[in-house]
Amino acid sequence: MTKLILSFLLGLSLVQTASAAEDILVYCSEASPSTFNPQLASDGPSFTAAASTVFNRLIEFKYGTTDLVPALAESWKISKDGKVYTFTLRKDVSFHSTKGFTPSRKMNADDVLFSFERMKDKNHPYHNVSGGAYEYFQSLGMGELIDKIVKTSDHQVEFHLKRAHSPFLTDLATSFAVIHSKEYADQLLKSKKQNLMDIEPVGTGPYELVRYVKDSSIRFKANENYFRGVPKIKTLVFSITPDPSVRFQKLKTGECQLIAEPSPTDIEAMKKNPQIEVISQPGLNVGYMAFNVTKAPLNNAKVRRAVAMALNRKEYLKLIYLNTAELAKNPIPPTLWSYDKSTPEIPYNVQKAKALLKEAGYPNGLELTLWTLPVSRPYNPNGKKMGELMQADLAKIGVKLKLLTFDWPTYLDKGRKGEHQLIHLGWISDTGDPDNFFGNLLTCKAKEGGSNYAQWCNAQFDKEILAAQKVTSQKSRTAHYKKAQKIFAKELPWVPLAHARVYRAFSKKLKGYKIHPIGVEEFYPLEWAK
Amino acid sequence: MKGVWVLIFFAVLALLAPLLTAYSPDQVFSSHALQPPFFMSGGNFTHWLGTDDLGRDLWSRIVFGARVSMGLGFLIVAVSLVIGGMLGLLAGYFGGWVDRMVLRFVDVVMSLPSLLLAMVVVAILGPGLLNAVWAVTVVSLPGYIRILRAAVMGEKSKDYVKATESFGASHFYILSRSIGPNCLAPLIVQATLGFSDAVLNMAALGFLGLGAQPPTPEWGAMLSDSRAYMESAWWLVTLPGLSLLLVVLTFNLVGDGLRDRLDPKLRGL
Amino acid sequence: MISYFLKRVLQAIPTFLLVSVFAFGVIRLLPGDPVLLMLGERGGSPELVAEMRAQLGLDQPLPVQYFKFLKGSLQGNFGESIVSNRPVTEEFFGRFPATAELGVLALLFAVLVGIPLGIVAAMMRGKIWDRVLMGVSLFGYSMPIFWWGLLMILLFSVHLGWTPVSGRISPMYDVEPWSGFLLIDVWVRDLGGEGFFNALKYLILPSFVLGTVPMAAIARMTRSSLLEVLKEDYVRTAQAKGLGPFQVVVRHALSNAMIPIVTVAGLMLGTILTGAVLTESIFSWPGIGKWLVSSVIARDYPVIQGGILLISGFVISINILVDTLYLYLNPKMREAQQ
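Residue numbers (the numbering used here), protein chains in the order written: chain A, 1 to 530; chain B, 531 to 799; chain C, 800 to 1137.
I should point out that these hints are in silico values taken from the structure, not numbers from a laboratory.
A portion of the hints provided could be inaccurate.
Think about it this way: if two alpha-carbon atoms lie no more than 27 Å apart in a straight line, the pair counts; the simulated DSS-like pairs of lysine-lysine are [what the hints assert, rightly or not]: (1) K272(A) / K302(A); (2) K192(A) / K870(C); (3) K1000(C) / K508(A); (4) K867(C) / K192(A); (5) K1000(C) / K509(A); (6) K193(A) / K1000(C); (7) K192(A) / K77(A); (8) K190(A) / K83(A); (9) K867(C) / K221(A); (10) K867(C) / K193(A); (11) K234(A) / K1000(C); (12) K1000(C) / K214(A); (13) K352(A) / K385(A); (14) K272(A) / K514(A).
Next up, chain A with everything else stripped away, as it sits in the complex:
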């Protein structure tokens, strides 16, 4: 009976043939975005959902590279002392017309000022909207770096810096530095609906947000007035699918044509599938476990080293990354300039780890809590499993490890506040500048901004990183970064785990796809094979 009804209904459903509109792309994403305003975000899913779909920046990265190309700014100049950056804006850029907003003018200098003042000025009417935490802006120290932003004409803006800062241009090209519409903001302010700014975004980008159905899907339509030309794919849909194996199943059944972060367990099967294209390249990323160095006993470097030495990390490469990653010893990947090859490996040595723990005053072991990564990321495909392996490893030196996790936004939020002892995290570079790793993840400034999950603030280390930001020659910057890596290796605020290769899997019919080194997807360059 059951079977009968089932087959009856299924039979009917087969009548519905795929009336496949050829200009729709379904992307299986891995998590719900925490916001649609990239200024507030720091996680890949939120950036991918808004930064290069709905918005543009003044300068952007050329697709598939870390080269800078003009975007909303058609050209720029840097003063000789490296302190004044002058941007000339395009005159032909329109903001989206949405249900609630119709722009009356083109993008101009006011929009640029509005976008940065919101993050910089604590008294700005929009500063405290949606929580008012601009993690990226704060951890890059932009608020303190930028002296003032001046509108010199309708289409020219000057950024005055307090000091020369070599990575500034690449900073402006990263996902958070988007340009909002001031006109839209004013309209919302009048109707007292400021928070819509971050929920129903209006940008200049290739796609307009049509609808976000919570935990389910995000639908975009092409921006017919996009300044680089109309996107070839007219409808873009994110199907939010947290489970990587389900994403693969959906790719196989054609329910989506591009998937986020395929699980290493599925790579072999994907390569065998004639419908699926798999590409890979070494990633600008690092997976790590951070110690919260503000909490005893983790403020003791000996305890940190003991934990690091007790972890059989090579085993993790095999079991968690399925041989799709390399062992890490520095905070930056070996493909990045300034990587220090001479850093000694952290050996796996249970006896020495035990001895160190004893030296540190814990002969009978101790209890620690580890937060395991709740989402699958290339730098750590399975946080829970890794946690279990770490639990088993640490038990051998008498450390009782408790595992805990939260959903992704909460995890980041609580981690930022330093509620953890040990935490799994990782970083996918947005720029390909070493400062993007060191400056963002390990400086005192980043501790305040929140992305320094080790809560580590080391004066010597900080000195080197700041010095490297001031000089422009790559050679002298490298020298500073090598010194910084020595300090890192001695202090071990993290256990560096792995640098993963990045894989992407998509339908063979999809053309133009490249792995974007900065870890955020772009959809504008994609098209369907004829």
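Go by the hints and put chains B and C onto chain A.
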């Protein structure tokens, strides 16, 4: 009776777990990760049911999982039998405001779906095996309360109880000597069926990540872990689920049988 | 009947109040100050803490807090989710239709399949088919549905490719929510039969999985209550008059057996809501269940508080409706009431 033998089989597994397994359920054999069961190519008898993605012996994990599930099921039934039984007894015997209060409690618990209520209790106490036990116990109380209350009320109106009362016997005496033993039959049935509910609820909490925490070899948690290997390693999904189904099925079968024997009136659901 | 209905509503009020005390207690039963817990060890400035306490109403005496909470709840204001900064009611009703649609279809499946199975078993009492059917329904009744769901996905979606793996409707269709029930909205949005069958295709496997346990329970109940009724005199009379077994069952016995069946179907609401939590987690179904699981994991207290009240209110109302229906179906009780 039908099903009793299967029940005994699982009980033996649970009790003799360390004797029946060669490895600890947490021991990692990384070079043997995802080894299939013996009857498939690539399988052998060192890990006859295969291994999981970390290379832990699946047979060990299932056997120790039986220990976890059966042990906790037993604990939950025992605790809710005592607490629920007491409450039901008091409500049915004294009536009046005691009865009304207990009934309100039952109403409140019944107004929330059991798993949701258990989830909320876990939210207050924090995820963990013992907290999940409490949560499932709270959820299972109404069944015991209702049965005892109804039975006590039925017995109370019978002549022999009235007779003992007229002799001046104390409440406690009446409760323990006259009524208690007469309510035993429906309670035994409820306990048996309650056991399968308890096992299922614990596994569901484990599956949602709110119950047993790793590396405890709990069947529900094992299932949610193995989802990524659904296609490549079917035994990881199939075997823990099958064990769970068998245990629940057996207890339901035995419960049905007991009900038919002990109390034909209750036949039905 | 109306007076019965009103009586039940009145009776439900204290229960609902108790639930609200429980929900209110959730956030306060925690060891320590909930605001500090929310802010974490890093904490905030004393002003921020004070501001948050005021925002949650924690700076007032407990009874005042409770009545404010109760008043807000009655007006449909349950506060804002900590995770999304959006009102709890908005988040709840944004997801509720997905769960309701799944639940209704599951119940429909359970009734439409369960009752006929029970009838067949009752008519073949003691024969091999009776045993087979009852064996199957015992299996269904004992099924851990999260496992069952995984197996069904493996079979129907992955191996046979008959049903989609997850989601509610093909991304080809852009359905702007109207009622939130996709099976209805496709018509409102002019997507017609094609969209309807597409949505059905996504719905069929989850509702089959969710309906399995209720189906088995209803089949068992139908069989046993039919067997009871078949022993009664009037049925024997009907049989003596020479009516065939099928006619006896359908014309006479079934209408009387309906009473316990409706009761069981009503009781299945809890089973379905519990099952929805698991089914939604397996099928990535964007409904209440999945949302509550992640809220519990994230300790999003306003959501947990509001969720408890909204769901128990829903369950209590449905129970009253079912009981009233029961009264309507049962002439003897109807007379007794009058």
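These are the hints, each one checked on the structure:
| no. | hint | result |
| --- | --- | --- |
| 1 | K272(A) / K302(A) | 47 Å, violated |
| 2 | K192(A) / K870(C) | 25 Å, holds |
| 3 | K1000(C) / K508(A) | 26 Å, holds |
| 4 | K867(C) / K192(A) | 25 Å, holds |
| 5 | K1000(C) / K509(A) | 25 Å, holds |
| 6 | K193(A) / K1000(C) | 39 Å, violated |
| 7 | K192(A) / K77(A) | 39 Å, violated |
| 8 | K190(A) / K83(A) | 37 Å, violated |
| 9 | K867(C) / K221(A) | 44 Å, violated |
| 10 | K867(C) / K193(A) | 25 Å, holds |
| 11 | K234(A) / K1000(C) | 25 Å, holds |
| 12 | K1000(C) / K214(A) | 21 Å, holds |
| 13 | K352(A) / K385(A) | 25 Å, holds |
| 14 | K272(A) / K514(A) | 20 Å, holds |
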